[in-house]
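As a plain string of letters, each chain reads:
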Amino acid sequence: MTAFRASPLQPRLGEAGSEIPFCSINPQDAAGDPGGAESWFMQRGLDSQTKKQLEEEEKKIISEEHWYLDLPDLKEKESFIIEERSFMPCEDLLYGRMSFKGFNPEVEKLMIQMNSKYKEEEIEEDNKMEADVSDEEMARRYETLVGTIGKKFLRKRDQRVLQDEDEDGNSNTRPIKKAKKKFLKPQD
Amino acid sequence: QYVPVKGDHVIGIVTAKTGDVFKLDVGGSEQASVSYLAFEGATKRNRPNVQVGDLIYGQFLVANKDMEPEMVCIDGSGRSNGMGIIGQDGFLFKVSLGLIRKLLAPKCEIIQELSQLYPFELVLGMNGRIWVKAKTIQQTLILVNILEACEYMTAEQRKQALAKLSGN
Numbered sequence: 460m461t462a463f464r465a466s467p468l469q470p471r472l473g474e475a476g477s478e479i480p481f482c483s484i485n486p487q488d489a490a491g492d493p494g495g496a497e498s499w500f501m502q503r504g505l506d507s508q509t510k511k512q513l514e515e516e517e518k519k520i521i522s523e524e525h526w527y528l529d530l531p532d533l534k535e536k537e538s539f540i541i542e543e544r545s546f547m548p549c550e551d552l553l554y555g556r557m558s559f560k561g562f563n564p565e566v567e568k569l570m571i572q573m574n575s576k577y578k579e580e581e582i583e584e585d586n587k588m589e590a591d592v593s594d595e596e597m598a599r600r601y602e603t604l605v606g607t608i609g610k611k612f613l614r615k616r617d618q619r620v621l622q623d624e625d626e627d628g629n630s631n632t633r634p635i636k637k638a639k640k641k642f643l644k645p646q647d
Numbered sequence: 410q411y412v413p414v415k416g417d418h419v420i421g422i423v424t425a426k427t428g429d430v431f432k433l434d435v436g437g438s439e440q441a442s443v444s445y446l447a448f449e450g451a452t453k454r455n456r457p458n459v460q461v462g463d464l465i466y467g468q469f470l471v472a473n474k475d476m477e478p479e480m481v482c483i484d485g486s487g488r489s490n491g492m493g494i495i496g497q498d499g500f501l502f503k504v505s506l507g508l509i510r511k512l513l514a515p516k517c518e519i520i521q522e523l524s525q526l527y528p529f530e531l532v533l534g535m536n537g538r539i540w541v542k543a544k545t546i547q548q549t550l551i552l553v554n555i556l557e558a559c560e561y562m563t564a565e566q567r568k569q570a571l572a573k574l575s576g577n
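Residue numbers (this note's numbering), protein chains in the order written: chain V, 460 to 647; chain X, 410 to 577.
Chain X on its own, in the form it takes in the complex (with noise of 0.2 Å):
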């Protein structure tokens, strides 16, 4: 179960659009909630275009057991830094938090191996989510299988099957 931690950047899903709130289930005991002023180059005006249902990275804004978490998607001097709605395609799956602290080590060998396979977007969020984007749907599918399963795999097995994997 996660739980929200302010500056943690997690990636939330859109579940209500009221107003000039949108609700975002981030995997916690509680909705998050971002503003639409919230992202970059937003005024009142010239509104985000999100969906329910859209892929959103931001991070924490407030986060502590008193209050509704909000989130933002843009840092302190107002650039978005890689930050808001995830694009079109791709799939969003879940793992447990222990390997996202796994990978996002500094030096993750699963992730420098996976690199070396084919081209790939990866987004990871630290509520245990991750997406995955590559060329082909069978591409994306052997990646999410592969992060899936890295859990549980020692590091020859993984080897072997992404030996396997580039040799086909």
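The shape of chain V in the complex, shown without the other chains (with noise of 0.2 Å):
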């Protein structure tokens, strides 16, 4: 028994969410079809195979009846004319605002930034900001803070050997043998 296919012209039935199942009344030769895996009573529309094949045939056709000119490709040419709308570039304007003898103390550092682009091409601004903290209270800051965090993963042994040192203040000699206590083994 021959299934119920669409013919790519016509509008496809059986797409998806169509009604009309993709049946035979002999179930033997559901199961021939190319895509084997699939169960022939789940199966609604086409195959992807046929699908594919569908898809072409119409894009062929679609092609096939676009025109297209059988002329050679025309270089474009080079123009050296440029159209510009603004008087900005030309003459190298300045910029709008202009504040003279300290009326707008804010215009006048904007009037030195911006005709400074002009003129310099892209200063690099100094990457460094003013800081709130100077680079000497940042080192000093490191340096007990890879302390204070290095404490935090000390064994309770080594944290006590912390407490006396900070006591003697000598980090030599005693603590050192403290903090190895190895194992005693009981004296029979």
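Bear in mind the hints are in silico, worked out from the structure with no lab data behind them.
Warning: the hint list may mix true and false statements.
Said to hold, decoys possible - To give an idea of the chain V side of the interface with chain X (calculated C-beta under 8 Å), a few residues:
#  : residue
1  : F539
2  : I540
3  : R544
4  : S545
5  : M547
6  : D551
7  : G555
8  : R556
9  : S558
10 : K560
11 : N563
12 : V566
13 : L569
Treat the numbers as computed from the prediction; the structure is a model and nothing was measured.
Cβ atoms here follow ideal geometry from the backbone N, Cα and C, with glycine treated the same way.
Two chains, each in its own frame: build the complex with the hints.
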């Protein structure tokens, strides 16, 4: 029994959601179809392969219908004329806001900024922002920071050692011996 | 007549305030629109305090013959760079576009000479509008008169006029 298949140019029935199930009365026929893994009664619409075939056919037909010119490609001539509607780049005009003799200090700062852009072609601004904290302070902070976070990960015995160190003030002699308490074998 | 051009800095007068958008008169054939979010530090909750009749210094974001011109008061990186609402007091007047170009040229004698007189503030819009503010009203008006007359005076006449003023 042949299954019902839509022809390419007619509206395709059997697309997703269509009500016409792809079925044949003889289940064996459907089982022998190319999309073998899909069971015949679950298949709505056409197989993926047949879909692809149909799409290709449709595309061929459509592209054949399109008209195209047989003329050779014209080379684009490079034009030396650029159209520019604004006056700004033509005459290197200054920035429009100006202030003189300290009438508006912010505008005066702006004037220096904006006009320097034109003259010196993008001065690389100093990336050093005015720091709230100086470099020295940062270095000091980090020194102590490393110590405090390091303490966090010490084991309890080592922490006791550190406390002793702080109290004594000497870091060399005794604490080292105390730190490594080895396992003493119980004497029989 | 001024033709809006993208990137040009102009002075606009707020004519209408409709919801989220202000209409600005820019001196062109159409009114320009500014969104309230186009100001520095503006958020939906923190709206700029713009009233009808305010002066705004901004640049054109969109300006072609097919669309209504749009302005913004911030640049690409979100900073205002001097744009925004122009403050209280001061005097706005119109001059020809050619004079503006002359005044904005890198070494403009007029501006240099004027800056020797007394402290003042100046905003030049490419649409032919100039806003001046000085300490007293009289000084402001003197500046206005000089700038308007500059177009037709020769350099000598100008220097004479300024000499008289600085003498006074």
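Numbered hints the structure breaks, given as an ascending list: 1 and 2
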